[in-house]
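K.L.:
These protein sequences, in sequence, are chains A and B. Take 1 as the starting number for the first sequence in the numbering used here and just add one per residue. Take 261 as the starting number for the second sequence in the numbering used here and just add one per residue.
Just a sample of chain B residues kept apart from chain A, beta carbon distances all over 10 Å, derived:
| # | residue |
| --- | --- |
| 1 | Ser357 |
| 2 | Ala361 |
| 3 | Val371 |
| 4 | Asn374 |
| 5 | Gln377 |
| 6 | Val425 |
| 7 | Glu450 |
| 8 | Lys467 |
| 9 | Phe487 |
So the derived label-pair ranges between C-beta atoms look like this:
| # | chain 1 | residue 1 | chain 2 | residue 2 | range |
| --- | --- | --- | --- | --- | --- |
| 10 | A | Ser60 | B | Thr417 | 54 to 64 Å |
| 11 | A | Ser77 | B | Gln265 | 13 to 23 Å |
| 12 | B | Asp415 | A | Ser60 | 48 to 58 Å |
| 13 | B | Asp415 | A | Ala246 | 51 to 61 Å |
| 14 | B | Pro326 | A | Pro250 | 27 to 37 Å |
| 15 | B | Ser412 | A | Ala194 | 49 to 59 Å |
| 16 | B | His489 | A | Ser77 | 47 to 57 Å |
| 17 | B | Thr292 | A | Ala194 | 19 to 29 Å |
| 18 | B | Arg451 | A | Pro250 | 30 to 40 Å |
| 19 | A | Pro66 | B | Asp415 | 43 to 53 Å |
Hints in this document: simulated from the structure, not taken from any laboratory. For every residue, glycine included, the Cβ atom is placed at its ideal position computed from N, Cα and C.
Number of protein chains: 2
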Amino acid sequence: MPQTQIIGIVGGVGPHAGLDLGRKVLEQTRATVDQEHLNMVLLSWPRCVPDRTAFLLGQSNDDPVPGMVCCVQALESVGATVAGIACNTAHAPRLFSRLIATLRSSGSGIVVINMIQEVARFIQCHFPDVRRVGVLATDGTVTTNTYGEVFSREDLTSVYPDVQVQRELVHGAIYDRTYGIKAVSSPVSERARAAVLAAATHLLNDKGAEALVLGCTELPLAVSERFLHGRPVVDAGMVLARALVASVEPERLKPFDMGA
Amino acid sequence: MPQTQIIGIVGGVGPHAGLDLGRKVLEQTRATVDQEHLNMVLLSWPRCVPDRTAFLLGQSNDDPVPGMVCCVQALESVGATVAGIACNTAHAPRLFSRLIATLRSSGSGIVVINMIQEVARFIQCHFPDVRRVGVLATDGTVTTNTYGEVFSREDLTSVYPDVQVQRELVHGAIYDRTYGIKAVSSPVSERARAAVLAAATHLLNDKGAEALVLGCTELPLAVSERFLHGRPVVDAGMVLARALVASVEPERLKPFDMGA
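Turn these sequences into a full structure, and let the hints steer you where they fit.
P.N.:
Set out below in structure tokens:
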């Protein structure tokens, strides 16, 4: 067993997003040789974790929480002391709070970082003038107001797309079986990227958002810009990766590069 | 615990290469929704596995085998039934055969796929006219003739770069702390890519190679071409990913796309 702490990642939700979070952990770490990188374990068990959005919207009775609990316990069994879940929708209170409660009642001691909470702190720290934050996310994350609940406690306001934009552009870009990011991601289809950019413009120009959160771990696969229309675009997965690095070896965390 | 079989990946050797192998497993799998992807666990424990090349060349006494054994056992402990190691140099007989022997004597039942053996079979299957295969790899893989030993049993001849080309272009492109792929990989530096391409041209034009193997898992991060000078370029990591998919659910393996 390794002597150093181990970062755990619940991947598979979706599979590409899990690997992407792992890559971001490497990117946010100061290292010039292999052995300077942090120890990490990634579980990608998509078959154990039913779709979060379908469950939250009542379209399915398959509860994703037991599978996520199983993943976190497996991470802990190989030595992980802190974990991140590479899925925003899994942070909906109805899922995340049950996950934490189940882990605690099972005697688990692993720290599961709340990605949404970290995004709120990140915006306050790096973009302190921002109040209205546009959220690009799945229907599950939007409908459950996952960002809004956390943001309101931090003096931030979450701004969502109009219903039609949400359904047709954002949700389609993520889930459509012919062009959506979950189906086509290496590379992402032009149609999916165009849909996400159109929804972003809608939030910034029509809804008064002062910053954007890419609040679904699939979205940064389509949009890598750090700014759109001069407003910051915050990748929730990058924020989670930084929190994971900081939690085990803060001295290895790279300074945040604001870009431009 | 998942009901389906789990693919294990020994990553961290290097860290980017491990994630890259995970990505290739996804790319080689037929799936349009998350839950159709295979269950996978990736251990990236770079701090537990000292540099393979330095050990093989006698520059270091830090044996990488115990750390690799520990990784494979941890993969097995969370349910993996088959594993791949995302490092060609780890397949040098002095390392790989000791790894397998140690696992067997410990009672482990996991199948560790031999990437080099799979590459030989892949070339015979898809490029049956090829006999002379140029190998781009670390000094450790080249000096120990890891490809040559396996290839000679399969009626293939391995062709290596001249010593100066190997040292200055190939090894530098992988290991240099300022421009090498292990230090700078998102994106890879232009200097590293140019060095790999120059070494590839040397193997094809000066040494009579009829195909090339990217025999270090870092190299495909620099060179994504499927053909160079009209000759096939085989990414050993892609071959390993296909073997992993085929070993757990052959019906989910995508047909090999020859490209052009």
